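With the sequences and hints as input, model every part of the structure.
The listed protein sequences correspond, in order, to chains A and B. Sequential numbering from 151 applies to the first sequence in our numbering. Sequential numbering from 151 applies to the second sequence in our numbering.
Because the hints were derived from the structure by calculation, they are not lab data. Check each hint, because a few of them may be wrong.
Copies of the same chain look alike in the list, so a pair counts if it fits in one copy or across any two.
Stated by the list, open to error - Straight-line alpha carbon distances no greater than 25 angstroms define the calculated SDA-like cross-link-like pairs of lysine to any residue that follow:
id	residue 1	residue 2
1	Lys189	His489
2	Lys510	Arg221
3	Lys336	Leu240
4	Lys479	Met151
5	Lys197	Ser272
6	Lys189	Thr418
Remember, it's a predicted structure, so these values are computed and weren't measured experimentally.
2 protein chains.
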Amino acid sequence: MAAGVSGGLRYEDRRDVGLLFSGVGGGASAVVVTTNVFKSAPLLVTKETLETGDVRALVVNSGIANAATGRQGVEDAYRMQALAAETLGLEPGEVAVASTGVIGEQLPMGHVEAGIRDAAASLSRDGGAFAEAILTTDTRTKEAVAAVEIGGEIVTVGGVAKGSGMIHPNMATMLAFLTTDAAVEKHCLQSVLAEVTARTFNRVSVDGDTSPNDMVLLMANGAAGNETLTQSSGDLAAFEGAVEAVMRELAKEIARDGEGATKLIEVTVEGAESEEKAATLARAVVGSSLVKAAVYGEDANWGRVLNAMGYSGASFVPEEVELYFGPIKVFADGEPVEHDAEEANATLAGDEVTVTARLKEGEGSATVWGCDLTEEYVRINGSYRT
Amino acid sequence: MAAGVSGGLRYEDRRDVGLLFSGVGGGASAVVVTTNVFKSAPLLVTKETLETGDVRALVVNSGIANAATGRQGVEDAYRMQALAAETLGLEPGEVAVASTGVIGEQLPMGHVEAGIRDAAASLSRDGGAFAEAILTTDTRTKEAVAAVEIGGEIVTVGGVAKGSGMIHPNMATMLAFLTTDAAVEKHCLQSVLAEVTARTFNRVSVDGDTSPNDMVLLMANGAAGNETLTQSSGDLAAFEGAVEAVMRELAKEIARDGEGATKLIEVTVEGAESEEKAATLARAVVGSSLVKAAVYGEDANWGRVLNAMGYSGASFVPEEVELYFGPIKVFADGEPVEHDAEEANATLAGDEVTVTARLKEGEGSATVWGCDLTEEYVRINGSYRT
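Set out below in structure tokens:
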């Protein structure tokens, strides 16, 4: 069950407190958090909570990140956890906590408390209000769902996310919360989440900045009644596939809705020595301000793509690279391939752009997602915190 | 002596071919080139030339980068070298070659040849025309000079550079050419250039992209008559200081004149475990699109600075960081320091902005330079190649 209400944490009248709650206990949970040296208070609390047990509920607020808030911030994150537990009839250790918003301000705990009580009273099977409550500069909600049969039972995986700038001054962060009715052993769940995160959320770049609040949480309550999945289950791959489908869709939605973005950019590197190397090369391309600006300008500027690969830190033989904008080959054998420049530019005209680089090293391939760089990005991020 | 002329390589009537020439031979020379896997043809030729001997002249063109041009490009770079040598009465191995401009187009060798002959005929002691001939999207020339006494002789170091976007679609690259009348042993000269480059040009970031054409060349003809400097000379530090003064000034000018930039940003990290770690942290800050956009908006957004340090890859204790905008302390002991937000923003109002982070680890410190991110950057780089 989910809820999203306005607790009044923001100057606007927007939903800013959310709850997720499983009526069924005894399940497993897993979390992956930011690698930033700066970690927000709720993230530290959630990480600690998951280390010693499992959660069946989540409380989240938007508007204030509760990051760089010192000891008071940690106390407030524990207080959010305790308040949510109390209203839901749970132990504090059964509740995860997350925040997103402006850094360096303390939470107005009166508003947070009122929001939590309102949210608990409005829990329903509709996740729409929750999906709204976690947004910051996002322009739309992000939800995805997948179902798969496991041992004769239909198992469902649902997810909600927010993104926008990886960290915005007013508001921060990538957050994703997934729930499933599958029964999964805890360590197995953690390993699925970590692996799928590496192939999905860790391959999204809006502006290269990661925030102190980034968190992906997966709660599995086991209500589907399947035999509990473990690392050795034959059905584990099917479950992982469903989780990946949901997280990939959310990841792409985050890229597409990056601050000021007008286009989703999908960069694939194939034929690399390893998947890791392919990902390094692809990330450099999608992270290049010059590539992003060229895509915005619908200019099939292959020189910038090659250039970004060149400074990625990965070694390769330039003469062995083939480069494509959409289906059009633009570079091979160390030289430009003759092509119709207007046709190449036309591959950038839509709202989804694909760039592919083929190497001749091996079987490693990776796809990453990003967005174009626009004047609007500068306006959003150059304007004073309000 | 120097010259800069219009050879007609560009659609506009601009100077685009330059020569530097020392009437005195027998000196030493040193070069540092891009770390990009993609290297332009002239850069490969110059590197090879310097490995087997010393140059006393340089030929350079702007407009076309002669990068990603295959075998033809390498032949043309050798041809430029041979043509310049012929007109100056030198051996080809005495001439360095450089190019900057659009990637993936072949040089119009007729124009290049005409330009070289014109330039050779107009050599003079005035470097102004040469400084113009190497510009691409730069808005102004960049020149610097320093003098120092070495063993009773006055030694002069002069330099000219171009920058702008680290690589622009039409035109690319950071180039810097230094000349001195000091007598310096070749290996000693190379080591001075490499060390000073690490502290100056390698601490400039316009947009994080390095180009296939980046090159810093230093020619020392020995005309000052000082006793030849070697690694064990007591005066070497004084010479290195003069080289560093020139290169630091050029580096700052490159940052200040970054594409679309309105402000120079100087980020210093002090008290780090090592100089390298300080540089890593400072580079992450000055390279962050969010920090750059905030500076443009004159918003003293310290959260973004901390955040960039946090994802830099360097480990440190967040609670031990003190952060300053200009002289104003904004963060310490893991929490915001109360300050007048308008005063903090006022430190961003001029055209030079300083941000300082103090750690409590050791004596390592480093300063890096960058520029703000503006709508104009996006406009310049989003527009189609013309």
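Indices of hints not satisfied (ascending): Per hint list: 4, 5 violated.
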